[in-house]
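**Q** The lines below spell out each chain.
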Amino acid sequence: NAGVTQTPKFQVLKTGQSMTLQCAQDMNHEYMSWYRQDPGMGLRLIHYSVGAGITDQGEVPNGYNVSRSTTEDFPLRLLSAAPSQTSVYFCASRGQGLAGEQFFGPGTRLTVL
Amino acid sequence: AQSVSQHNHHVILSEAASLELGCNYSYGGTVNLFWYVQYPGQHLQLLLKYFSGDPLVKGIKGFEAEFIKSKFSFNLRKPSVQWSDTAEYFCAVNENRDDKIIFGKGTRLHILP
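Order-wise, the sequence lines are chains A and B.
Positions in the first sequence are counted from 1; adding 142 to them yields the working numbering.
Positions in the second sequence are counted from 1; adding 1253 to them yields the working numbering.
Everything labelled a hint here was simulated from the structure, so no lab data went into it.
Hints are supplied without guarantee of correctness; some may be wrong.
To be verified - List time: in silico DSS-like cross-link candidates among lysine-lysine, alpha-carbon distance up to 27 Å:
#, chain 1, residue 1, chain 2, residue 2
1, B, 1324, B, 1358
2, A, 151, B, 1353
3, B, 1324, B, 1311
4, B, 1314, B, 1358
5, B, 1322, B, 1302
6, B, 1358, A, 151
Required output: the full structure, derived from the provided sequences and hints.
**A** Given below as structure tokens:
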């Protein structure tokens, strides 16, 4: 199993550009989520999904869109990038039950100029 | 809204010293609690978790944590730290009726050899 994979690993955007961060998992997990990690702020939940076709907002959803058309994939879209979205983005998936271990991807480091 | 507080942002210890990192959460219902570790340049890994039963939970690499419901706390402990424990540690909480997992801001631990 590859676990949770994310692409790209690094990305530089100009203000106003759009892009999609890809996330995929091969563990048949229903729950997937996106976090951003900023110095001194820990991990903040952006959006999450409890299964295909179901998404919900986390703590900091503004400026980001998600969709979940399959169990495996959970892309994160930035429609109009802003410098405040410069961050490291982590995707995670969780196994069965609310107490299941959450597995994290390797992260995408995004810089918005 | 649920929140997680980690009291120490940066901790510096010498090898063999004892460690205790504080974590408090703000939700009064049934919760699941987690500690994650992020070693330099790596993604997050689960250290330990609590969801029911014995409030003293043992995790990997000699770490343990104690859930004290009356204090809304889940402090992480290790009797004797090693240089390889240098990392950032995150406490996380999930309400039993919710799917979201919320993280604290993290504690950066630096062990002096």
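**Q** Looking back at the numbered hints, which does the structure fail to meet, lowest number first?
**A** none
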